[in-house]
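Visitor: Residues per chain, in single letters:
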Amino acid sequence: MKSSFLLTRPDHDLTTEYLYFWSEAVLKSSREKNILTIDLASKEANKRNFLSAVKKYRPSFVYFNGHGSPNTVTGFNNEPLITFADNEKILKDRVAYALSCQSAKRLGKSCVADGARTYLGYDEDFIFVFDEEKEKDPLNDRVAENFIEPSNTLVLSILAGKTTKEAYQNSQEEFNQKIVRFSLSEATAEERELLPYLLWDKEHQVCLGNQEAKCEFITKEEYQKGQKIKALVLLALLVMLAIGAALVFLFK
Amino acid sequence: MAKISNREIRQLIIERIKTLSPGRKISIGKEGDFSKEELIKHIQKGDKIGEKITKVQLSYLRSMKKGIFFNEK
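These protein sequence lines are chains Y and G, in that order. For reference, each letter of the first sequence is one residue, going 148 to 399 in the numbering used here. For reference, each letter of the second sequence is one residue, going 434 to 506 in the numbering used here.
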């Protein structure tokens, strides 16, 4: 069934700020495709909003940016959004990708066991190198770009209708291309020093569950039309109930 | 062949970290972000951060030995 795209992107520290800004590329693509997108940004990335948005919009794809551990993925100020042995069922029938540390180690497996279609993430820390001078301007940090682009490729692939396996492979391929390029003799010392961390992230990125899952997305217009039809059906039911009640009253 | 001691491994990783370009930092999730000098201190202490960076660097060195680049495997 066609549904929406939900992303969380807190920005309470330097690492989350980088992920916050770099998810703009993903948002740009979802806007261009006119996908109904629920963007829980900054302070909005809290558990109350997350649970309410999942219930209301029933997203087919959930993309978490934030800190994580084997048991949890967090939002603003490290508030847990989803936790092992607590609320994994919220991802039932959905595809999820967590750009966070370690969550695929235990939580991801548990989400799949509890009905998530696919859980993509990292079973170890997601590590990236960045340029201190670009801390205030993460989108122009060409060092960090090398780490975040392969992650964005995964999300963009899912938004483009690829299977989870294809999205994972596209991301792995992008990591590979950088690893090979930076291993060549013509690579600079600055490029070569990124290799241990690129290889680490690539090797710890995993795709759990259904490898052939695809997400179909609803547009804003389709959603609004659906809401109007629902409202009209509800109104028609109310009118019929009122007429029924009036008839009962008249013929009593 | 003589086994490499933990102290020697630590020294090897410190030497590798010393080559990190100036102005570059490493983000390790919620542990925070670290400069070259800070990482070296953590490796010397042998704490959680130091162990993590050692694990990353050793994993890379082992991959190079196995020849996993350029599909050599």
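Where hints are given, some of them may not hold.
Think about it this way: if two alpha-carbon atoms lie no more than 30 Å apart in a straight line, the pair counts; the simulated DSSO-like pairs of lysine-lysine are [unchecked claim]:
id, chain 1, residue 1, chain 2, residue 2
1, G, K469, Y, K256
2, Y, K399, Y, K375
3, Y, K399, Y, K239
4, G, K498, Y, K281
5, G, K488, Y, K377
6, G, K463, Y, K190
7, G, K499, Y, K312
8, G, K481, Y, K367
9, Y, K283, Y, K190
10, G, K481, Y, K252
11, G, K499, Y, K236
12, Y, K203, Y, K399
13, Y, K202, G, K463
14, Y, K281, G, K499
15, G, K481, Y, K256
16, Y, K377, Y, K367
17, Y, K239, G, K499
18, Y, K202, Y, K399
19, Y, K236, Y, K202
20, G, K478, Y, K252
21, Y, K252, Y, K377
22, G, K478, G, K451
23, Y, K349, G, K451
Partial list, derived from the structure: chain G residues whose beta carbon lies under 8 Å from chain Y [claimed, not checked]:
id, residue
24, G456
25, I473
26, H475
27, Q477
Computed spacing ranges between beta-carbons, pair by pair [stated by the list, open to error]:
id, chain 1, residue 1, chain 2, residue 2, range
28, G, K478, Y, L198, 39 to 45 Å
29, G, G500, Y, E333, 15 to 21 Å
30, Y, M148, G, K478, 51 to 57 Å
31, Y, K375, G, S454, 17 to 23 Å
32, Y, D240, G, S438, 50 to 56 Å
Note that these hints are calculated values from the structure, not bench results. These numbers come from a predicted model, not from an experiment. C-beta: ideal position from N, C-alpha, C; glycine also.
Visitor: Indicate, hint by hint, whether the structure satisfies it.
Guide: Structure-based check of all given hints:
A distance of roughly 35 Å separates the Cα atoms of K469 (chain G) and K256 (chain Y); the hinted pair therefore is violated under the 30 Å criterion. Taking the CA atoms of K399 (chain Y) and K375 (chain Y), the gap is about 36 Å. The hint is violated against a cut of 30 Å. Simply put, K399 (chain Y) and K239 (chain Y) have alpha-carbon atoms about 49 Å apart, too far for the 30 Å limit, and the pair is violated. A C-alpha spacing of about 34 Å is found between K498 (chain G) and K281 (chain Y), which places the hinted pair above 30 Å, so the restraint is violated.
With a C-alpha separation of about 55 Å, the suggested pairing of K488 (chain G) with K377 (chain Y) is violated against the 30 Å cut-off. Taking the CA atoms of K463 (chain G) and K190 (chain Y), the gap is about 17 Å. The hint holds against a cut of 30 Å. Our distance criterion of 30 Å between C-alpha atoms is met by K499 (chain G) and K312 (chain Y), whose separation comes to about 26 Å. Using a Cα cut-off of 30 Å, the hinted pair K481 (chain G) and K367 (chain Y) is violated, with the two alpha carbons roughly 47 Å apart.
A distance of roughly 19 Å separates the Cα atoms of K283 (chain Y) and K190 (chain Y); the hinted pair therefore holds under the 30 Å criterion. Taking the CA atoms of K481 (chain G) and K252 (chain Y), the gap is near 18 Å; set against the 30 Å cutoff, the hint holds. With a C-alpha separation of about 41 Å, the suggested pairing of K499 (chain G) with K236 (chain Y) is violated against the 30 Å cut-off. Between the alpha carbons of K203 (chain Y) and K399 (chain Y) the distance comes to roughly 42 Å, so the proposed pair goes past 30 Å and is violated.
For the suggested pair K202 (chain Y) and K463 (chain G), the alpha carbons sit about 29 Å apart, so the restraint of at most 30 Å is met. For the suggested pair K281 (chain Y) and K499 (chain G), the alpha carbons sit about 35 Å apart, so the restraint of at most 30 Å is broken. Of the supplied pair hints, the one linking K481 (chain G) and K256 (chain Y) holds, its CA atoms being roughly 25 Å apart against a limit of 30 Å. Restraint check for K377 (chain Y) and K367 (chain Y): satisfied, since their Cα atoms lie roughly 15 Å apart, inside the 30 Å limit.
With a C-alpha separation of about 40 Å, the suggested pair K239 (chain Y) and K499 (chain G) falls outside the 30 Å cut-off, and the hint is violated. Between K202 (chain Y) and K399 (chain Y) the alpha-carbon distance is near 43 Å, which puts this suggested pair outside the 30 Å criterion. The straight-line distance between the Cα atoms of K236 (chain Y) and K202 (chain Y) is roughly 12 Å, inside the 30 Å bound, and the hint therefore holds. Of the supplied pair hints, the one linking K478 (chain G) and K252 (chain Y) holds, its CA atoms being roughly 27 Å apart against a limit of 30 Å.
With a C-alpha separation of about 41 Å, the suggested pair K252 (chain Y) and K377 (chain Y) falls outside the 30 Å cut-off, and the hint is violated. For the proposed pair K478 (chain G) and K451 (chain G), the alpha carbon gap of about 16 Å is at most 30 Å, so the pair holds. With a CA separation close to 24 Å, the supplied pair K349 (chain Y) and K451 (chain G) stays within the 30 Å bound. Interface hint at G456 (chain G): satisfied, since its Cβ lies 5 Å from the closest Cβ of chain Y, which is below the 8 Å cut-off.
Hint status for I473 (chain G): violated, given a least beta-carbon distance of 15 Å to chain Y, over 8 Å. For the restraint placing H475 (chain G) at the interface with chain Y, the shortest Cβ-Cβ distance is roughly 14 Å, beyond the 8 Å limit, so the hint is violated. A cut of 8 Å between beta carbons decides the hint on Q477 (chain G): the least distance to chain Y is about 19 Å, and the hint is violated. Distance hint check: the CB atoms of K478 (chain G) and L198 (chain Y) are about 41 Å apart, consistent with the given range 39 to 45 Å.
Taken as a hint, the range 15 to 21 Å holds for the pair G500 (chain G) and E333 (chain Y), whose Cβ atoms sit roughly 20 Å apart. Restraint check, M148 (chain Y) to K478 (chain G): a C-beta distance of roughly 53 Å satisfies the suggested window 51 to 57 Å. Taking the beta carbon of each, K375 (chain Y) and S454 (chain G) are about 57 Å apart, not inside 17 to 23 Å as hinted. Taking the beta carbon of each, D240 (chain Y) and S438 (chain G) are about 53 Å apart, inside 50 to 56 Å as hinted.
The structure fails hints 1, 2, 3, 4, 5, 8, 11, 12, 14, 17, 18, 21, 25, 26, 27 and 31 (numbered hints given earlier, in ascending order).
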